[in-house]
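S.K.: Residue numbers (numbering that gives the first Met the number 0), protein chains in the order written: chain Z, 0 to 510; chain U, 0 to 72.
Rather than coming from a laboratory, the hints here were simulated on the basis of the structure. There may be inaccurate statements among the hints.
[Said to hold, decoys possible] Stretch-level coverage of chain U by chain Z, calculated; a stretch enters the list once three of its residues show a Cβ under 8 angstroms from a Cβ in chain Z: (1) 7 to 17; (2) 39 to 53; (3) 59 to 65.
[As the list claims (entries may be wrong)] Calculated lysine-lysine pairs in the DSSO-like style (CA-CA distance at most 30 angstroms, straight line): (4) U:K57 with Z:K269; (5) U:K57 with Z:K210; (6) Z:K210 with U:K60; (7) Z:K146 with U:K33.
All C-beta atoms in this analysis are idealised placements derived from N, C-alpha and C, irrespective of residue type, glycine included.
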Amino acid sequence: MSEEINGKKIFSLLEVTNSIKKTIADRYKSSFWVKAEMNKLNYFPKSGHCYPDLVEKQDGKVIAQIRCNLWKDDYIKINSTFQRVLKEPLKDGIKILFLATISFHPEHGLALRIIDIDPSFTIGNLEKEKQEAIKKLQDEGIFRQNKTLKLPLLTQRIAIISVNTSKGYQDFLGKIEKNSWGYKYFHMLFPSILQGDKMAEQMATQLKQIKKVRTHFDAVAIIRGGGGDVGLSSFNSYELAKIIALFPLPVLSGIGHITNDTVVEMVSHKSFITPTDLANFLFQEFHNFSVPVQKAQETIINKSRRLISDEKTKFHSEAKLFRSVTENILIKSRNSIKEQVQSLFQQSQFLFKNEKEYLYSIREGIRKGTNTFCISAKQEIKQFALTMKKDVAAQLNHFKLIVNQNAQQVVQGSRVILQTRRERIFQIREKCSDKTLLLLKNSNLELNSIEKNVTNMSPKNVMKRGYSITLLNGKAVKNFDKVKVGDNIDTLLFEGKLNSIIKATTKTEEI
Amino acid sequence: MSDKINYTEAFEELQGIVTEIEGGEISVDELSEKVKRAAQLIKICKAKLTTTEEDVNKILKELDTATKDGDDE
Chain Z
0 MSEEINGKKI FSLLEVTNSI KKTIADRYKS SFWVKAEMNK LNYFPKSGHC
50 YPDLVEKQDG KVIAQIRCNL WKDDYIKINS TFQRVLKEPL KDGIKILFLA
100 TISFHPEHGL ALRIIDIDPS FTIGNLEKEK QEAIKKLQDE GIFRQNKTLK
150 LPLLTQRIAI ISVNTSKGYQ DFLGKIEKNS WGYKYFHMLF PSILQGDKMA
200 EQMATQLKQI KKVRTHFDAV AIIRGGGGDV GLSSFNSYEL AKIIALFPLP
250 VLSGIGHITN DTVVEMVSHK SFITPTDLAN FLFQEFHNFS VPVQKAQETI
300 INKSRRLISD EKTKFHSEAK LFRSVTENIL IKSRNSIKEQ VQSLFQQSQF
350 LFKNEKEYLY SIREGIRKGT NTFCISAKQE IKQFALTMKK DVAAQLNHFK
400 LIVNQNAQQV VQGSRVILQT RRERIFQIRE KCSDKTLLLL KNSNLELNSI
450 EKNVTNMSPK NVMKRGYSIT LLNGKAVKNF DKVKVGDNID TLLFEGKLNS
500 IIKATTKTEE I
Chain U
0 MSDKINYTEA FEELQGIVTE IEGGEISVDE LSEKVKRAAQ LIKICKAKLT
50 TTEEDVNKIL KELDTATKDG DDE
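Start from the sequences, fold in the hints, and give me the full structure.
M.R.: Here it is in structure tokens:
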């Protein structure tokens with residue numbers, strides 16, 4: 000018991016802890032129900048015991064916290080109930096209603112001992128959380144966001160979130176890889192566990208990875224199967240659901256289970272009950288593409304054939320029609336040409352006739368016109384001739400008068416001139432007769448002298464003076480050279496004639 | 000393939016040709032051209048159903064690079 004030192008009452012630690020223990024044991028005699036959040040289960044596999052860390056939160060802040068003990072036997076019993084009722088094991092993060100006793104151990108301190116946990120409370124709470132998650136997503140306006148994305152015409156490239164060894168994944172691969180239509184899919188696994196506490200975290204990480212290479216994929220497929228309905232509560236996680244809702248690629252979920260849809264499935268683009276259904280959906284998409292293509296091919300072939308044969312028929316009938324129409328037109332044209340020729344001929348004749356008549360009338364007109372013109376011209380000429388005659392007569396008279404006058408003038412003028420001339424001539428004659436007389440006298444004198452000379456010069460007189468004329472052949476010889484030796488020459492003298500023959504010639508020298 | 004038309008466009012164009020031909024909007028003059036084109040489009044569509052050009056290794060490499068570059072989100 001306590002001892003006294005220096006007037007102070009002193010307890011040993013054990014005394015204190017024992018005292019606390021006694022007090023608490025006295026105070027908390029019976030067990031009681033407590034609600035709290037399982038912050039950490041702290042399960043120790045070796046011992047099989049759990050030391051859960053329980054908290055109470057208000058606005059996200061811890062306002063109460065206590066350490067608990069969950070002994071091995073209790074844990075096994077509670078956990079199996081949970082698995083059975085909740086489809087979930089006892090785990091971190093859930094709200095629990097538990098039966099507890101409080102105890103104090105001198106060595107380990109104060110602790111709540113969990114004797115039992117009521118699973119229905121947790122279920123209700125999980126459901127409540129699920130509803131809250133849905134509401135929150137709806138309030139944020141993103142609940143249907145992933146559904147608004149459009150899947151391409153062919154969902155061919157798939158990023159798969161699954162577990163390599165899971166049956167669901169193997170089934171899915173088997174289906175899409177060995178489909179009987181020869182459809183080819185590209186798939187790549189982004190492994191993540193699909194149940195339990197770590198699931199949401201791992202899935203979020205893989206989704207982040209996929210996001211980085213999203214251009215290589217058409218959709219994300221969450222494949223889970225064969226795991227029963229256990230451990231699905233993480234699929235109701237608000238955080239995970241939000242990532243999926245906001246994911247840039249359409250998310251297809253094939254999480255095999257029987258119970259109600261999880262939030263993740265609700266926000267997915269499309270959700271399928273099993274991975275096989277998901278695969279079938281992909282096939283259906285391909286069928287939806289392939290069938291119209293096949294049909295298009297058939298339609299195009301059939302329609303083309305039909306079109307060509309129709310066109311052929313049409314062409315034949317057109318050709319036929321064309322021929323008959325052409326023939327008709329030819330006949331019509333021929334007839335029309337004939338008619339036109341006839342009509343042209345008639346019209347020409349008519350026109351010729353008309354023209355002829357017209358020309359006749361013109362000719363007549365010209366003739367008449369000419370006649371009239373000639374008559375009037377004749378008359379005019381006659382008239383003109385008459386007038387001219389008169390004019391000429393008048394003119395002649397006029398001229399006669401003028402001529403007469405002129406003649407008279409000429410006569411008078413001539414007389415005057417003649418008179419003048421005559422007088423002049425008289426004067427000149429008188430002068431002339433005087434001079435002539437003188438000239439005659441002189442001339443007489445001269446003539447007398449000349450006569451005397453001439454008499455002296457006569458051949459007789461000359462010959463009297465001793466000169467002779469030599470004749471050769473009756474002609475006077477004037478040139479010495481004409482006379483040659485032997486010539487018979489005559490020499491005329493004053494009183495006779497001598498006949499001689501030339502004995503010699505001698506040329507007189509020039510003096 | 001003659002041009003870089005994607006399968007969605009090919010599919011739509013093909014449907015267009017089918018509609019035209021069914022509606023009798025195609026004349027014989029255009030037919031050959033259209034059928035030729037349709038054959039091309041069908042080839043593109045069928046090829047799409049049975050082939051993919053993606054490569055896991057390439058994506059892994061890309062992921063690696065992206066991770067090394069650091070997370071930007």
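S.K.: Decide, hint by hint, whether the structure agrees.
M.R.: The hints, checked one at a time:
no., hint, verdict
1, 7 to 17, "holds (count 6)"
2, 39 to 53, "holds (count 9)"
3, 59 to 65, "holds (count 3)"
4, U:K57 with Z:K269, "holds (28 angstroms)"
5, U:K57 with Z:K210, "holds (15 angstroms)"
6, Z:K210 with U:K60, "holds (15 angstroms)"
7, Z:K146 with U:K33, "violated (37 angstroms)"
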